[in-house]
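Each chain is listed here by its residues.
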Amino acid sequence: MKTRLTRDDRNGFLFALPWIVGFLLLSIYPLIMSLYYSFTEFSFISDPEWVGLDNFRQLFSDRRFYKSLGNTCFYAFVATPILLLVALLLALIANRRFALRSAARTIFFLPSIIPMVAATMVWIWMFDPTYGYINNFLALFGIEGPAWLINPKTTKWALVMMGSWCTGTSMLTCLAALQDVPRSYYESADLDGANAVQKFFHITIPSVAHVLVYQAILNLINAFQYFTQVYVITTASGGNTSGASGGPENSILMYPLYLFHNAFVYQKMGKASAMAWILMIIVGLLTIVMVKLSNKAVSNAGAE
Amino acid sequence: MTRKTIAILLVLLCSLSFVFAQGGSEEANLTEDGRQIVTYWYYHKGNEATYQENAIARFNESQDKYFVQGFSVPDKQKYLVAMASDESPDVIALTNAEVISYQTSGLLEDMSTMGEANGFDFSIYDAPALTANSVDGRMYAFPLTSVVIQMFYNIDLLNSIGETEPPTTMEELFEMAEKVTTVDESGNIDILGYPLFPLASARQELIYAFGGRWAAEDGVTPTANCEGNLKSLEMNMAFREKYGVEQVQRFVATGNTNRYTPQDIFFAGKQLFRFDGPWFANQIREYNPDVNFGVAMVPGTEANPELLGVSRYENTSLAIPVVAKEKEGAYAFISWFVTEGAKDFLLEIGSLPANNTLFDDPDLLASNEAFPSFMAALKTANGIEAPRMDYSAEYTSLIDEYLDYVYNGTMTPQEAMDELQAQAESMAK
Chain A
1 MKTRLTRDDR
11 NGFLFALPWI
21 VGFLLLSIYP
31 LIMSLYYSFT
41 EFSFISDPEW
51 VGLDNFRQLF
61 SDRRFYKSLG
71 NTCFYAFVAT
81 PILLLVALLL
91 ALIANRRFAL
101 RSAARTIFFL
111 PSIIPMVAAT
121 MVWIWMFDPT
131 YGYINNFLAL
141 FGIEGPAWLI
151 NPKTTKWALV
161 MMGSWCTGTS
171 MLTCLAALQD
181 VPRSYYESAD
191 LDGANAVQKF
201 FHITIPSVAH
211 VLVYQAILNL
221 INAFQYFTQV
231 YVITTASGGN
241 TSGASGGPEN
251 SILMYPLYLF
261 HNAFVYQKMG
271 KASAMAWILM
281 IIVGLLTIVM
291 VKLSNKAVSN
301 AGAE
Chain B
1 MTRKTIAILL
11 VLLCSLSFVF
21 AQGGSEEANL
31 TEDGRQIVTY
41 WYYHKGNEAT
51 YQENAIARFN
61 ESQDKYFVQG
71 FSVPDKQKYL
81 VAMASDESPD
91 VIALTNAEVI
101 SYQTSGLLED
111 MSTMGEANGF
121 DFSIYDAPAL
131 TANSVDGRMY
141 AFPLTSVVIQ
151 MFYNIDLLNS
161 IGETEPPTTM
171 EELFEMAEKV
181 TTVDESGNID
191 ILGYPLFPLA
201 SARQELIYAF
211 GGRWAAEDGV
221 TPTANCEGNL
231 KSLEMNMAFR
241 EKYGVEQVQR
251 FVATGNTNRY
261 TPQDIFFAGK
271 QLFRFDGPWF
281 ANQIREYNPD
291 VNFGVAMVPG
301 TEANPELLGV
311 SRYENTSLAI
321 PVVAKEKEGA
331 YAFISWFVTE
341 GAKDFLLEIG
351 SLPANNTLFD
361 DPDLLASNEA
371 FPSFMAALKT
381 ANGIEAPRMD
391 YSAEYTSLID
401 EYLDYVYNGT
411 MTPQEAMDEL
421 QAQAESMAK
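Chains A and B supply the protein sequences, listed in that same order. For the first sequence, counting from 1, position 32 maps to 32 in our numbering; every step adds exactly one. For the second sequence, counting from 1, position 170 maps to 170 in our numbering; every step adds exactly one.
Be aware that a few hints might be false.
[To be verified] Restricting the straight-line Cα-Cα distance to at most 16 Å, the calculated cross-link-like pairs of lysine to aspartate or glutamate (EDC-like) are:
#, chain 1, residue 1, chain 2, residue 2
1, B, 429, A, 187
2, B, 429, A, 62
3, A, 153, B, 246
4, B, 327, B, 116
5, B, 78, B, 98
6, B, 179, B, 156
7, B, 179, B, 165
8, B, 179, B, 163
9, B, 325, B, 87
Everything labelled a hint here was simulated from the structure, so no lab data went into it.
Required output: the full structure, derived from the provided sequences and hints.
Right, here's the structure in full:
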């Protein structure tokens, strides 16, 4: 059956045209070109030269590629649950009725609107082993804090601490989900004699499970794109004049940072494009797995 | 025309203008008084950008043919993007390492040829300045300023151990450093004697002082595990191990976080020797004028005393991209800036000259109390150029990584340098 475009369809298409043109030129075209570049040797200023799978071969035999992937996976799989837990705890506090609740919600969210570069610079000072607030605070309990950003054993944990400070957006999403949990559930549980822990694990968590999984997916994807903080830290460290530092022993050389080094410091755009496509595949696969898990988690929660 | 038709036409207009926005129209290249416009991009910002603009103004005042328009472009990726998209500036300021890197991709105009055609006097440059900006014997930029690093020392700390003169060999320096270094009751370092910080100086001058090098004379053969590097790292580790690797790292971390701030460990009187640039003297005066400091040349060793004053050698240089449109005007500006225009600019910005006719300039020598030692170091021509292999950026980042392994005690100097050498050689292939 032939479908004729109505005048409204045509007008609608024309009104959407600027966006479509922008999408094709600024998103689809670079995407396709980066795929092409991933099979070329391309220094950004010279013409790309076809090298087949060389960039991928180089990457798979590159020690720093695996190091950056390992660092990123550490951050993704360690920081994501911690950050989610912090966000949920803050949301639970913000969901309770108490004096100055609005002020508390504002304070919890405030770090998320502070520019990341400025916040990271402040954190660098906070992590100072001698004058920093963190070690001074630990010293109150007789604990000698480490050299957070120069000891390769503690650098990634410093990043996790920085991340847990900035969970305002996740907190808001969790808060919205918590407010949707019907009060009648808790009232019924009270009648059955359930305590706070039982209510948390059998009502609250299942009711917000879908939001938690959604948030976990987002956080995981963000973790694989983690760049600004490590870029600022490694740039501010001042020791490396190549402009391509990955922190002490490359312990915070995250995948996107190494991609950036390849593209803009080593001028290997082809290799960087290959890295971008590998990252896209990894994130795509992870998203599929997480969505499947989320469907399962939500259906289990629904059954409960 | 109905409103709907007008709306549709507007949408179409927007779409077309978006698509063709980059087409652009030819911009006029002449000023109102008929002078040719030359565009100059420099990476300086803040006060340093003002000094660049002052120099540009002086050039423009002297001209009736060209008019330079300066732009502060601190993000050098924009240089590359502009050159790649045919929107290139006519003159760019860049480091000598970038000159080599850009010219490896054939991006820069041959300044030797332009200079020879215009009767430029190349004798104003000593060998380090010439080679640092040359590829295959041809210059691709004219250097404007030089960077060398020399030794600042705290006179009061030195006197506290009964010494009056700074060391001239690393062996003497180590001895003095041990005497001055103090730790508190928790074992944390309170005063650091050995110049382990800044890290960039530890990687360069502290290595070069022992005759160590990261590349051979040709600039492209890696020499990570050469004897000088190992000797330097062994002394470095002897000091670290004596006071505790963790404690030294903590102190260095604090030094790093507070570098060039009022809490800088040297300004706070907690560092005996500091390998730093001439700007450091101004910073001491700004942040803590009470620090009683002296400046001397970087020591050599007992076996190689001729290494006195050894340092990295870097330049800020001026180059013309091959895709520049106004090359003659660009050359006129550059040749003026590195000769007639250099002194006023250097006095304002506080940098060392690349032009050797200014090494003994009384005004420059008087402008910074550290300059006499730095100028003396420049005259020794003991400047070491950074490695110039086409993978030098990757190599430098690897050097930093392996030095971390040494400093943290993860690897011995020999193990780390052998592995680094193997990595560098595999990159060369």
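These are the hints, each one checked on the structure:
{"no.": "1", "hint": "B:429 - A:187", "result": "violated, 72 Å"}
{"no.": "2", "hint": "B:429 - A:62", "result": "holds, 14 Å"}
{"no.": "3", "hint": "A:153 - B:246", "result": "holds, 12 Å"}
{"no.": "4", "hint": "B:327 - B:116", "result": "holds, 15 Å"}
{"no.": "5", "hint": "B:78 - B:98", "result": "holds, 14 Å"}
{"no.": "6", "hint": "B:179 - B:156", "result": "holds, 13 Å"}
{"no.": "7", "hint": "B:179 - B:165", "result": "holds, 15 Å"}
{"no.": "8", "hint": "B:179 - B:163", "result": "holds, 11 Å"}
{"no.": "9", "hint": "B:325 - B:87", "result": "holds, 9 Å"}
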